[in-house]
Amino acid sequence: DPKIIQKPKYLVAVTGSEKILICEQYLGHNAMYWYRQSAKKPLEFMFSYSYQKLMDNQTASSRFQPQSSKKNHLDLQITALKPDDSATYFCASSQDWGAGAETLYFGSGTRLTVL
Amino acid sequence: AQSVDQPDAHVTLSEGASLELRCSYSYSAAPYLFWYVQYPGQSLQFLLKYITGDTVVKGTKGFEAEFRKSNSSFNLKKSPAHWSDSAKYFCALEGTQGGSAKLIFGEGTKLTVSS
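Listed in order, the protein sequences are those of chains R and B. According to the working numbering, the stretch in the first sequence is residues 1 to 115, in order. According to the working numbering, the stretch in the second sequence is residues 1 to 115, in order.
Derived by calculation from the structure, the hints in this document are not laboratory data. Computed from a predicted structure; not experimentally measured. We treat Cβ as the ideally placed atom computed from N, Cα and C, and that holds for glycine.
In the EDC-like style, the derived pairs of lysine to aspartate or glutamate whose C-alpha atoms are separated by at most 16 Å in a straight line are:
1. R/K41 <-> B/E107
2. B/K110 <-> B/D8
3. B/K102 <-> R/E44
4. B/K110 <-> B/E20
5. B/K88 <-> B/D8
6. R/K71 <-> R/E24
7. R/K41 <-> B/D8
8. R/K41 <-> B/D5
9. B/K88 <-> B/E107
10. R/K19 <-> R/D75
11. R/K71 <-> R/D96
12. B/K77 <-> B/E20
13. R/K40 <-> B/D8
14. B/K110 <-> B/D85
15. R/K19 <-> R/D85
16. R/K40 <-> B/D5
17. B/K110 <-> B/D5
18. B/K49 <-> B/E64
19. R/K19 <-> R/D84
20. B/K102 <-> R/D56
21. R/K3 <-> R/E24
22. R/K40 <-> B/E107
23. B/K58 <-> B/E20
24. B/K102 <-> R/D96
If you want the footprint, here are the derived chain B segments under chain R, 3+ residues with CB under 8 Å:
25. 35-49
26. 101-112
Hey, can you work out the whole structure from these sequences and the hints?
Here it is in structure tokens:
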């Protein structure tokens, strides 16, 4: 059974619209993350959360807003969507944050296409 | 600047051969280094990591990697390779100065092992 659930698996949106990507982890971890993989680019770090608190933000645009309603949830709201936002968005978690060299566990990703 | 280079986008070999996937990095100090694997249709899975100490680290599924500070490399090895090792392999770096789990990934190497 998958321990990190991302929904939906595929998402198609029109330019200018808003979408929410869902992530839930059932590993009992205290830290969660978002990574993005665009076409022809490596996976890149976006956000890290620890105990529902934002620890790191590597995303320049405020159009990307993580939302954590529970410790095991970290959704990603994206507003004013652009074609350049098309990518696969991966949620990940780790036992803790801050010690360094944490092992990340990844979800299967949400593939977003913006037309 | 921190970066990871996986120079081989594709590697093909026969079952039973030895595999070595190359990874080089750029970082001003000794980083934490990781290998992750993505099997077709699945999410990224942790294979192994280097933190400090022994330069050869052993991971899951019979893989090992050698950290070489002299040429800033962290190559992944396995012998013999099995057809089930066919997957995409990602090398990643985490800086040891600030920002937990903010991994920098390489582009990945797609490995095909023919039976």
